[in-house]
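We have chain A; now place chain B onto it with these hints.
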Amino acid sequence: MSSIRETSSAPGLALFAAAIVAAPFLLPDYYQSVLIVAGLFAILSMGLNLLMGYAGQISLGHAAFYGLSAYASGILTTTFHWPVPAGIAAGVVLSGVTAALIGIPTLKLKGHYLAMGTLGFGVIVYIVFNEAVALTAGPSGLTGIPRLSAFGKIFSTDREYYFVVWGTVFLLFVLARNLVRSRMGRALRAIHTSESAASVLGIDVARYKAFVFVLSAVYAGIAGALYAHFVTFISPGSFSFHASTQVVTMVVLGGMASLWGAVAGAVFLTVLPEWLRAIEDYDILVYGAILVLTMRFLPGGLAEGVERVLSALASIFRGKAKASGGEGKKP
Amino acid sequence: MKGMKLVLAAMLGGALLFGGTAFANEPIKIGAIFSVTGPAAFLGEPERNTVKMMEEEINKAGGLLGRKIEVVVYDDESDATKAVTAIDRLIKKDRVVAIIGPSTSGNTLAIISKVEEAKIPLVSCASAKKINLPVKKYVFKTAQSDAIFVKKIYQHAKKSGWTKVALLSASDAYGSAGREDLKELAAQFGVTVVADEVFGPKDTDMTAQLTKIKGTAAQAIICWGTNPGPAVIARNRTQLGIKTPLYMSQGVASKKFIELAGKENAEGIFLPAGRLLVEDQIDPKHPQKKVLAGYIRDYEGKFKGGVSAFGGHAFDAMNLLEMAIRNGKSAEPETIRDQIEKIRAFWGAGGEFNLSAADHSGLTEDSMVMVKIVKGDWDLIK
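Listed in order, the protein sequences are those of chains A and B.
All letters in the first sequence, in the order written, are residues 1 to 331 by this note's numbering.
All letters in the second sequence, in the order written, are residues 1001 to 1382 by this note's numbering.
Isolated chain A (complex conformation) (with noise of 0.2 Å):
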């Protein structure tokens, strides 16, 4: 744990930005579109994983809030021909709002109940995109959403999309991180251990709970939103329980309670699919083999993976420096 909070850093983030800033430069174009995809998983891991990996509480129902911001911005730029911003603020606030309603009576719930209840929730919320044909369009797809503007630009290439998205990204792993490392962060990990102990302690379990569960529904939304004007169309598929599973996919192969971790997951994923097309057919079976594999020799995820090489390689430093040390005492 406590390499992973050396490594989140002032240098590692300025490693971090200039990584987003290069990698449209260094990769092919066809890149692009892949990348602004990961972005969009790697907020919602994010979020998750503030729920899941800090204060210890599953969420099955995740694509719920990415989907109700996504119609929500949809429609209201669409039918309503609302200002893309203004949408995507509405959005997001929906999604956060739902959040609060939905925690005070979930958040009672514990363990496979809480899961239970969001896997409800998330069930309830794809039904609804199916069946308000109206708002909706229902099962055939919202078509037409505008592309993201704002301020008299329209950012049409996935060049500039790129740069919204993962600019998106950075600001939200700084405010995570702060958030982690404050007395909150403490507070969430308290509870993960122990909701008894950490109410013990002073700590107003039920109120902590409640905001990091609207906290992360705010990052699904802030996905949510970003892909419907990315996309330009959406369609319930998108936020079925199936795209839940992939981001707590996501946020455990990353590495629970680890920023890091959940981006790196989200790219993971998301890439990894793109160069194994190389061996069509083979694809899926080895795209397999790579999770059961990750998750056998790495159960803390990719995050703890490269906590190992980093440890690995600091022995081998020191080890070196020991043993010349060594050397030089010997004549």
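Derived from the structure by calculation, the hints contain no laboratory data.
Among the clues, some could well be false.
Derived BS3-like pairs (lysine-lysine); straight-line CA-CA distance at most 27 Å [what the hints assert, rightly or not]:
(1) K1137(B) to K153(A)
(2) K153(A) to K1129(B)
(3) K1136(B) to K153(A)
(4) K1119(B) to K153(A)
(5) K1119(B) to K1130(B)
The following block gives chain B in isolation, referenced to the frame of chain A:
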């Protein structure tokens, strides 16, 4: 982890290597996006098989304009987001001159803005009317619009004297699109809708909806959905002893449906279908006979069965592109687009295509026949 990284690096290297730059006699690259896996795999698999088979056949016969063709197929896993990243890869990396697919309406709608922007012709294998409404400059489709099937059913129902119908549609993209058309076109044929029930595509029991319909004055039931829902309905219908005639949509036009429903439950069901289904029963002099017989022979020979109308959509899309390239003597996206628009009186697997600037699908209800299921097989209604 290190070994894995090496493997990944090697694969990435391989991918970059194979995606080299263009040479003078490079193959003509055609892209395709199909839902080979996922819930829509029943569409994507025969489509992929068909274009791969045709690629081989065209190259064996000397290619196009003296160049070989190469069809790059990507699987969108029935996921709209994957279709979006796949289209970028086809346009920006593979630099294809035209694209076939995607298999589903949702995925097609998700990528339309991308192909319009890149000015690459797209021949979709999906059916939704939204794809061509309004007409988009670079977007075509080979699957018949739902309205064509609806009209065929209503014509048949009216001729049989059944003017009160009950609708039973799946709550997915396919079912809801059909339901819309069924309700919209009813008045035009003097048909009244007396019940309008919906079922979840994964529901395993539809007796509630059928019991409700049984209590109405419906003279026929029209079911709109893809397997397994309609098969469940066929079974529940016999269980409840409902004798009201049942129509199915093109969504179940494969032997799989009869298998799932059971021979005795499928008996007597009507459905509109392309002539592909009843190729052996159509008049040998019919202009479509030769095309269909050829496609079925080739497909069954190569893949040992499993020929379906869905593969036929890809067959037609590939043929349209082939013709457009030959007619225009050029593999430039712009010329291909212009040439597709000029294709008239082409008999494909789906029917007779007559494309124009105003009609980017080009099929009418004459491309359909009514079929009745008799003893586990299709019977053409003449």
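Status of each hint after checking the structure:
1. A hinted pair counts as satisfied when its Cα atoms are at most 27 Å apart, and K1137(B) with K153(A) qualifies at roughly 26 Å.
2. For the given pair, K153(A) sits about 33 Å from K1129(B) by alpha-carbon distance, which is inconsistent with the 27 Å threshold.
3. For the given pair, K1136(B) sits about 25 Å from K153(A) by alpha-carbon distance, which is consistent with the 27 Å threshold.
4. For the proposed pair K1119(B) and K153(A), the alpha carbon gap of about 23 Å is at most 27 Å, so the pair holds.
5. Only pairs whose Cα atoms come within 27 Å are accepted, and K1119(B) paired with K1130(B) is accepted, the gap being roughly 19 Å.
Checked against the numbered hints above, the structure violates only hint 2.
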